[in-house]
Amino acid sequence: MTLDTPINDALARWDRECLFHPTTHVANHARGDTPGQIMTGGDGVYVTDRNGNRLLDGFAALYCVNAGYGRSEIADAMSKQAQELAYFHAFAGHGNEPAIRLARMIMDRAPEHMARVYFGLSGSDANETNVKLAWHYHILRGQPEKRKIISRWRGYHGSGLVSGSLTGLESYHKRFHLPLPGFLHTETPHYLRRADPEMSEAAYLTHLIDALEEMILREGADTIAAFIGEPIMGTGGILPPPPGYWEGVQLLLAKHDILLIADEVVTGFGRMGEMFGATYYGLKPDFMTIAKGLTSAYAPLSGTIMSDRVFEELSRGTDEHGVLCHGWTYSAHPVCAAAGIATLELIDKLGLVAKAAENGPYLRAKLQDAVGDHPNVAEIRGDGLLAAVELMQDPGARVFFPTMSVAPKVAAAMLRRGVISRAMPEGDILGFAPPLCISRDEIDIMVTALAGALHDVLPR
Numbered sequence: 001m002t003l004d005t006p007i008n009d010a011l012a013r014w015d016r017e018c019l020f021h022p023t024t025h026v027a028n029h030a031r032g033d034t035p036g037q038i039m040t041g042g043d044g045v046y047v048t049d050r051n052g053n054r055l056l057d058g059f060a061a062l063y064c065v066n067a068g069y070g071r072s073e074i075a076d077a078m079s080k081q082a083q084e085l086a087y088f089h090a091f092a093g094h095g096n097e098p099a100i101r102l103a104r105m106i107m108d109r110a111p112e113h114m115a116r117v118y119f120g121l122s123g124s125d126a127n128e129t130n131v132k133l134a135w136h137y138h139i140l141r142g143q144p145e146k147r148k149i150i151s152r153w154r155g156y157h158g159s160g161l162v163s164g165s166l167t168g169l170e171s172y173h174k175r176f177h178l179p180l181p182g183f184l185h186t187e188t189p190h191y192l193r194r195a196d197p198e199m200s201e202a203a204y205l206t207h208l209i210d211a212l213e214e215m216i217l218r219e220g221a222d223t224i225a226a227f228i229g230e231p232i233m234g235t236g237g238i239l240p241p242p243p244g245y246w247e248g249v250q251l252l253l254a255k256h257d258i259l260l261i262a263d264e265v266v267t268g269f270g271r272m273g274e275m276f277g278a279t280y281y282g283l284k285p286d287f288m289t290i291a292k293g294l295t296s297a298y299a300p301l302s303g304t305i306m307s308d309r310v311f312e313e314l315s316r317g318t319d320e321h322g323v324l325c326h327g328w329t330y331s332a333h334p335v336c337a338a339a340g341i342a343t344l345e346l347i348d349k350l351g352l353v354a355k356a357a358e359n360g361p362y363l364r365a366k367l368q369d370a371v372g373d374h375p376n377v378a379e380i381r382g383d384g385l386l387a388a389v390e391l392m393q394d395p396g397a398r399v400f401f402p403t404m405s406v407a408p409k410v411a412a413a414m415l416r417r418g419v420i421s422r423a424m425p426e427g428d429i430l431g432f433a434p435p436l437c438i439s440r441d442e443i444d445i446m447v448t449a450l451a452g453a454l455h456d457v458l459p460r
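According to our numbering, the sequence shown is numbered sequentially starting from 1.
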């Protein structure tokens with residue numbers, strides 16, 4: 001398809017002159033040189049921009065519009081709640097019905113050893129909460145020196161000061177004085193990028209676990225509070241863990257009394273074809289970070305789900321020391337919670353978890369059929385309804401293109417065909433994470449667009 005010519009009027013000018021956009025080339029946008037579109041509507045897996053272009057959203061915006069666009073059930077629930085009680089704070093034990101009901105719904109779906117959920121607004125603030133509570137947990141247990149946090153290179157956990165320090169992407173560190181002291185990064189679990197091309201998968205797994213234990217021993221286990229990881233890496237390139245990886249990591253953490261934070265912002269609420277990535281990969285975390293799919297992004301809402309052992313220690317701590325002084329003004333916001341209730345009800349009603357389990361393998365199989373034999377396709381990977389296609393100049397010799405020199409061009413060519421994908425930041429990688437309500441016909445449209453775009457940018 002040919003995209004209609006962008007409208008250049010007062011609204012477009014105000015956008016350039018007044019709005020500071022996240023993760024954007026600031027100068028190019030001010031000059032009007034960025035490809036961003038002003039969106040005006042959406043239905044199902046499609047969004048419409050103000051120029052009249054209807055685009056299949058192959059990335060659910062930012063992995064988050066899982067129930068799809070235009071869901072009146074969610075919008076109506078938010079409107080009704082705003083008219084009844086738009087806001088009241090949750091400090092000092094105050095509550096509101098939507099937040100209480102949503103907390104119960106989440107705990108009914110969470111792993112059995114999880115105990116309570118604390119609400120925030122974004123995945124970033126939830127990870128700030130996780131780290132703060134992990135520190136507090138160890139202080140209460142008489143181990144205040146346990147404060148270092150281990151993350152992984154290419155992991156994404158937010159863009160605040162603590163959450164940005166957890167993130168293992170150098171572009172989030174440069175020129176921001178990040179990471180803060182005490183935030184460590186171990187190796188990325190990605191066999192394709194292994195340093196030694198002769199290393200077997202079994203040897204590579206051993207290497208990853210050994211490298212993590214070497215870091216723990218070098219830093220001192222008595223100084224490390226927690227390890228944080230996405231069950232499957234998202235922004236770093238949609239990287240499924242090697243078989244046996246999480247089992248090995250968890251054995252190490254238990255051995256050295258280190259808490260596990262599972263960042264479920266992308267994977268939570270059905271993306272993996274199960275309710276959570278923790279159950280999909282056999283994790284038993286002390287904290288789970290939730291956001292995005294909790295409300296299908298119809299309202300900002302995040303959560304920290306804490307385990308029995310963490311909650312019991314925090315509870316004991318307040319008996320000894322008084323109020324636990326941590327809170328956000330908008331914690332447990334009733335309108336956002338109403339959106340969460342409606343979203344979880346819709347996920348159940350539409351069978352979206354089962355649909356993701358069925359369509360994820362279908363998506364990867366169709367990608368393999370369509371582009372798996374392309375000479376520049378190095379890897380097609382994913383789990384659940386997540387998939388990535390990694391491109392290289394010469395996959396056999398593992399010769400990379402200059403980073404992100406090709407994937408953005410392929411994404412742009414897909415856009416011209418009416419499909420939104422995402423060029424991932426850590427290589428020439430095309431990412432796919434469509435709404436969970438996507439049909440197989442719509443998956444076929446997405447894959448056909450990729451095949452055509454690859455032909456345009458990298459002719460065989």
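Honestly, the hints are just simulated from the structure, not real lab data.
Keep in mind that a hint or two might mislead.
As a list, the in silico EDC-like pairs of lysine to aspartate or glutamate whose alpha-carbon atoms are at most 20 Å apart [claimed, not checked]: (1) K255 / E198; (2) K355 / E214; (3) K284 / E312; (4) K349 / E73; (5) K284 / E112; (6) K148 / E73.
Computed beta-carbon distance windows for the label pairs [claimed, not checked]: (7) R316 / G32: 56 to 64 Å; (8) D9 / H321: 55 to 63 Å; (9) M404 / W14: 23 to 31 Å.
C-beta: ideal position from N, C-alpha, C; glycine also.
Structure-based check of each hint:
1. Straight-line distance between C-alpha atoms of K255 and E198 comes to about 31 Å, which puts the hinted pair past the 20 Å bound.
2. The straight-line distance between the Cα atoms of K355 and E214 is roughly 41 Å, outside the 20 Å bound, and the hint therefore fails.
3. Between K284 and E312 the CA atoms are separated by roughly 17 Å; this keeps the pair inside 20 Å, and the hint holds.
4. Taking the CA atoms of K349 and E73, the gap is near 11 Å; set against the 20 Å cutoff, the hint holds.
5. Using a Cα cut-off of 20 Å, the hinted pair K284 and E112 holds, with the two alpha carbons roughly 10 Å apart.
6. The hinted pair formed by K148 and E73 fails the criterion: a straight-line CA distance of about 43 Å is larger than 20 Å.
7. Hint check: R316 to G32, Cβ distance near 58 Å, so the stated range 56 to 64 Å holds.
8. For the pair D9 and H321, the beta carbons lie near 58 Å from each other, so the given range of 55 to 63 Å is met.
9. The hinted window of 23 to 31 Å between M404 and W14 holds, with their beta carbons roughly 30 Å apart.
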